[in-house]
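Engineer: So you can see what is in the structure, the chains are spelled out below.
Number of protein chains: 4
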Amino acid sequence: MRFFSDNAAAVHPAVFQALAEADRLDSAYDGDAWSQRLDAAFSALFEREVTALWVTTGTAANCLALAGMVPPYGGILCHREAHIQVDEAGAPEFFTGGAKLLLVDGPGAKLTVDAVEEARSRIRGDVHQVQANALSITNATEYGLTYSADETAALGEWARHHGLPFHLDGARFANAVASTGASVADLTWRAGVDALSFGFVKNGGLSAEALILFDPELADPIRRRRKRSGHLLSKGRYLAAQLLAMLEGDIWLENGRKANKAARRLAEAAGERLVFPVDANEVFLKVSAPEAAALRSQGFDFYDWGVGEARLVTSWDQDLQAVDRLAAAIAAL
Amino acid sequence: MRFFSDNAAAVHPAVFQALAEADRLDSAYDGDAWSQRLDAAFSALFEREVTALWVTTGTAANCLALAGMVPPYGGILCHREAHIQVDEAGAPEFFTGGAKLLLVDGPGAKLTVDAVEEARSRIRGDVHQVQANALSITNATEYGLTYSADETAALGEWARHHGLPFHLDGARFANAVASTGASVADLTWRAGVDALSFGFVKNGGLSAEALILFDPELADPIRRRRKRSGHLLSKGRYLAAQLLAMLEGDIWLENGRKANKAARRLAEAAGERLVFPVDANEVFLKVSAPEAAALRSQGFDFYDWGVGEARLVTSWDQDLQAVDRLAAAIAAL
Amino acid sequence: MRFFSDNAAAVHPAVFQALAEADRLDSAYDGDAWSQRLDAAFSALFEREVTALWVTTGTAANCLALAGMVPPYGGILCHREAHIQVDEAGAPEFFTGGAKLLLVDGPGAKLTVDAVEEARSRIRGDVHQVQANALSITNATEYGLTYSADETAALGEWARHHGLPFHLDGARFANAVASTGASVADLTWRAGVDALSFGFVKNGGLSAEALILFDPELADPIRRRRKRSGHLLSKGRYLAAQLLAMLEGDIWLENGRKANKAARRLAEAAGERLVFPVDANEVFLKVSAPEAAALRSQGFDFYDWGVGEARLVTSWDQDLQAVDRLAAAIAAL
Amino acid sequence: MRFFSDNAAAVHPAVFQALAEADRLDSAYDGDAWSQRLDAAFSALFEREVTALWVTTGTAANCLALAGMVPPYGGILCHREAHIQVDEAGAPEFFTGGAKLLLVDGPGAKLTVDAVEEARSRIRGDVHQVQANALSITNATEYGLTYSADETAALGEWARHHGLPFHLDGARFANAVASTGASVADLTWRAGVDALSFGFVKNGGLSAEALILFDPELADPIRRRRKRSGHLLSKGRYLAAQLLAMLEGDIWLENGRKANKAARRLAEAAGERLVFPVDANEVFLKVSAPEAAALRSQGFDFYDWGVGEARLVTSWDQDLQAVDRLAAAIAAL
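Chains A, B, C and D are the protein sequences, given in the same order.
According to my numbering, the stretch in the first sequence is residues -10 to 322, in order.
According to my numbering, the stretch in the second sequence is residues -10 to 322, in order.
According to my numbering, the stretch in the third sequence is residues -10 to 322, in order.
According to my numbering, the stretch in the fourth sequence is residues -10 to 322, in order.
The shape of chain A in the complex, shown without the other chains (with noise of 0.2 Å):
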């Protein structure tokens, strides 16, 4: 029973009946009909006129905004232990052309404006360091907690404050806006978000995640960046239906509940065990290694996350006969 990753998750029925419909003569790139709609559809969530691309992952979400964002010999404030970080190969200073990743702790991978501040004073305003030039947080974090609306707000503020553009890396925004209960706009570009990365894949998707830009003066510097990184399919009438079908009907949203759904059960049944409040589909638990032995033994896979600790994740098709089986484990410890 997979607890390891909402990536090994399955797709989502809708998306395969969209890729189906979506098998016929059309422009290449981004020329066809359902990539034409894609602007239209997002602006229509987010109750404002956006551009949006999609894009095959999170990273080249991310890293294509945050290419549009700063200049090469630029700095880019972000939690210590946020994705573009930890766990994408540098392809921040790939695509940004050598921008520099200033770090902020906060617990839970969660930034507040007072550490995004003290990070941002420290730096000299000399030609010898690196400026702080954008702001990026995850929503939900890579701990599962989530920025509620306000929160979110009050680091747009800030970030508008200093003249910094406001990145929001969502590869689990579905999570967010599923947790939170506030709208799409008022965790974006309500509260001063200049660029989503709004994932999808991990949320019943196959391979397209969506780019939203709100400042469009982005827009035309990253459509060209997209395609100058490969990042243009030709037959991109397959990625766009992929985003329609998880618009249509809120697929996108509902599929986001599910997963939080399943991982508050694991919650209440971890209690004590809880390393962080589970906002999202993420539950963080202390465990020692005979006990993590002893779930694993009864059919429950999952990461270990560092000592004594470790990681479930829960999906939009998650089996809740299996997630009340991983609770009841858990209990029972």
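Mixed in with the good hints there might be a few duds.
[Said to hold, decoys possible] Stretch by stretch, here's where chain B covers chain C in the computed footprint (C-beta under 8 Å, at least three residues):
(1) 85 to 99
(2) 114 to 120
[What the hints assert, rightly or not] Every beta carbon over 10 Å from chain B, so not counted as near; a handful from chain A, in silico:
(3) LEU92
(4) ASP103
(5) PRO205
(6) GLU261
(7) ARG285
[Said to hold, decoys possible] Some chain A residues close to chain B (C-beta under 8 Å, calculated; not the full set):
(8) ASN(-4)
(9) VAL0
(10) ARG13
(11) ALA17
(12) SER32
(13) THR45
(14) PHE83
(15) HIS150
(16) VAL190
(17) LEU222
(18) TYR227
If you are wondering where the hints come from, they were derived from the structure by calculation, not from laboratory data.
The beta carbon of each residue, even a glycine, is placed where N, CA and C say it ideally should be.
Here the structure of chain A is known, so what remains is to put chains B, C and D in place on it, guided by the hints.
Structural biologist: Chains B, C and D in isolation, oriented as in the chain A frame:
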């Protein structure tokens, strides 16, 4: 009736079938069972051990290969009209960190040993000039010409003599194989090729191209660069499955033959109008503006190619009745 | 007797004098009194406010300027034989993060509005092709031709019309000014130039070139890039002092005149042998191999330039008797 | 009385003398007689064959070396407060094409085998994380501590064991040699160092630093990168002459001793106020704001170093009477 691009063609049914079969729980990235089978499947095809990586675009395949071959301060010999020079938005420069394309001339976008030697010998060896550090050709070329196994081997021998890695852009490699009748081994590693961008998307695939590495030392660096450039998809099994499906029963080759056959019919009708011999699935015609308009008025879609020329591209799924009608229309001009 | 390069010439005595005077305690980098006087000194020369930065090479000046002008995914229109294309080892690609040089033809390495417009108009505007984002010319050109103020202004107007920043490589700007008799203002900002690489080292300096910025928005980014590329020397006062010494009493212009005068004498002797008109301090001659050998046997050093041509370069410190002897030797061939 | 930076010190008279002697006709770039003598002169000093390249800044020396050592997708282990991380404006990222600095802690900006091993072992080997591909230390460190030959050798052995090239930033290498009494060979290649940035400018030079390569395979790539980064000066003989002058009669070492001696006097006066042991020419003091003001009111110039600390740096040309007066003033606080 579409003759403007093989990028616009439909997906082969076997590919869709494979996607459905891959829709099961497995590991993320390229740790899944499908991705793990790629090396063996392509090694069988190429009659030797190869490393086979899925990527989503030919640009990514080309530029990952080139980045693995040349230092940032290096140069890549290629044709002045090569896709990497003309239509990849500077992707080679991006992936390599600023290497220079060293442009060589030749009819039909085809290179010869004499032409590359002439270009190489003009470069002074001192530190002021960018040196030639790799050779890249395209088979079939941007104008639909093919390199025979012997022609490729002559270039390969020249490259080896000068210590240059040799890259083959095979966006239309299936068409080249179908046209020449040579084995894939003879057209690649036996001819000295170190890396092949093996195109599937124009030929019935959905979103998966293959990067085939014959030099084992390229494998680890290019795997890391694939991740770093955002090209390591989390649900890689859906890419690997596409490639495996196309290899199964040589669908890729059959599709190449179909497209070539359609082009040959047009070529026969075109006679004196042909700008280049038609080796593969592209037909370049001399047509006046009124003639082009006449064809379009009969429902045929294609690109103008400069003044007085038109480009017709055929696909694996081309309706042969439409081909016959176009052939007749051309003959009737 | 040396006629192979003005790089090899001696340092003007006033420069040495200035170095000795700068050998006092002061602030590091460009915080010292000498560096702080540069903007004012060059502003006086250029009849308007400019930012003047010292760097140690023309390559650094050129490429810092270009990096400030074009995005990494951009293109720079320049002559096919421009120094930035031919002899800077890919420095433009390095500093810009992979921008592409878009090559334009023209006799004597000189560009015209027609030529650049033709090159620009061939580029499709879509994301697949690298766009023209800047224009760079060299005055005097690599073949010793000069642009008049009017010729420069025509290019500047064209560039402004297309929204392209305009860079002038002035490795031999002193020679161009001396030759044309135009003011430095008329040859630069009044003609639409945004940044000038103002060469001093070939003209009597030791290790300081000036980068002159007419667009104030370029100043901060380029200051940061100068540091980031390792070009902010800690004892900058010794560079600034060189430039100030050369400006004092117009030594730079006097030196340019001296070098041009020597070249003119050679040109007069060369008559029909001249490959190009001699506007500045470079003389390209048609000479057979035996003729070149004959000149060398008389003690004259110079470069062969391809087959059947020779390049003679004169310097500010050229011994005029040697010039006369070379002139006589050429006439006697 | 200046104690704020050794960058601000004067140039040694022998350096000026050497510049005057180099003011003769010779070849450009590094083809001249002075540049050609560098390898031999430094080989004699280092007791083995080395490649010695002049550059104009420590940043250029450091980053050219690092670019030769790590791929763009690689990582460099260094101290969190290393100059390359804190004060080079992202130059390592620029020269390497986006490699990542992997930060390690340790008192006084000094690394130990335990610390680097701990950092290295935390990195997963998969493609998602940037790997450690090189080690860089600074001797003397940014806080004026030195590595002994044994300490360096321990790090060198560790690096070799893990296949990592080993770079030594020696902006104040003369001070480290003077302090430890070790030979330059023992502090570098015998301890496993592959490349040394050998600083001269802080120590009496004008504009020339030396990059010493012990790994012969680094030489050609770094020569090309030097040109490509705009660091190949056309009149290189004036740089080479500076270095040769400093080697002559061990002026570099004598200067290092003088600066260290001045620092030692201050250290003795400072007693309990010392933040770090004073191995070289930097003294970090605990002083309250009123105490710092009191020193400044007596004419002493220095930097505050965070809250409650001050940095005093001594130079080769420090007036010893001023040193004694500062020592007395500190003792009297």
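Engineer: Each of the hints needs a verdict: does it hold here or not?
Structural biologist: Going through the hints against the structure:
no.: 1; hint: 85 to 99; in the structure: holds (count 5)
no.: 2; hint: 114 to 120; in the structure: holds (count 4)
no.: 3; hint: LEU92; in the structure: 19 Å, holds
no.: 4; hint: ASP103; in the structure: 32 Å, holds
no.: 5; hint: PRO205; in the structure: 21 Å, holds
no.: 6; hint: GLU261; in the structure: 31 Å, holds
no.: 7; hint: ARG285; in the structure: 16 Å, holds
no.: 8; hint: ASN(-4); in the structure: 4 Å, holds
no.: 9; hint: VAL0; in the structure: 5 Å, holds
no.: 10; hint: ARG13; in the structure: 7 Å, holds
no.: 11; hint: ALA17; in the structure: 4 Å, holds
no.: 12; hint: SER32; in the structure: 25 Å, violated
no.: 13; hint: THR45; in the structure: 5 Å, holds
no.: 14; hint: PHE83; in the structure: 5 Å, holds
no.: 15; hint: HIS150; in the structure: 31 Å, violated
no.: 16; hint: VAL190; in the structure: 6 Å, holds
no.: 17; hint: LEU222; in the structure: 6 Å, holds
no.: 18; hint: TYR227; in the structure: 6 Å, holds
Violated hints, listed in ascending order, are 12 and 15; each of the other numbered hints is respected by the structure.
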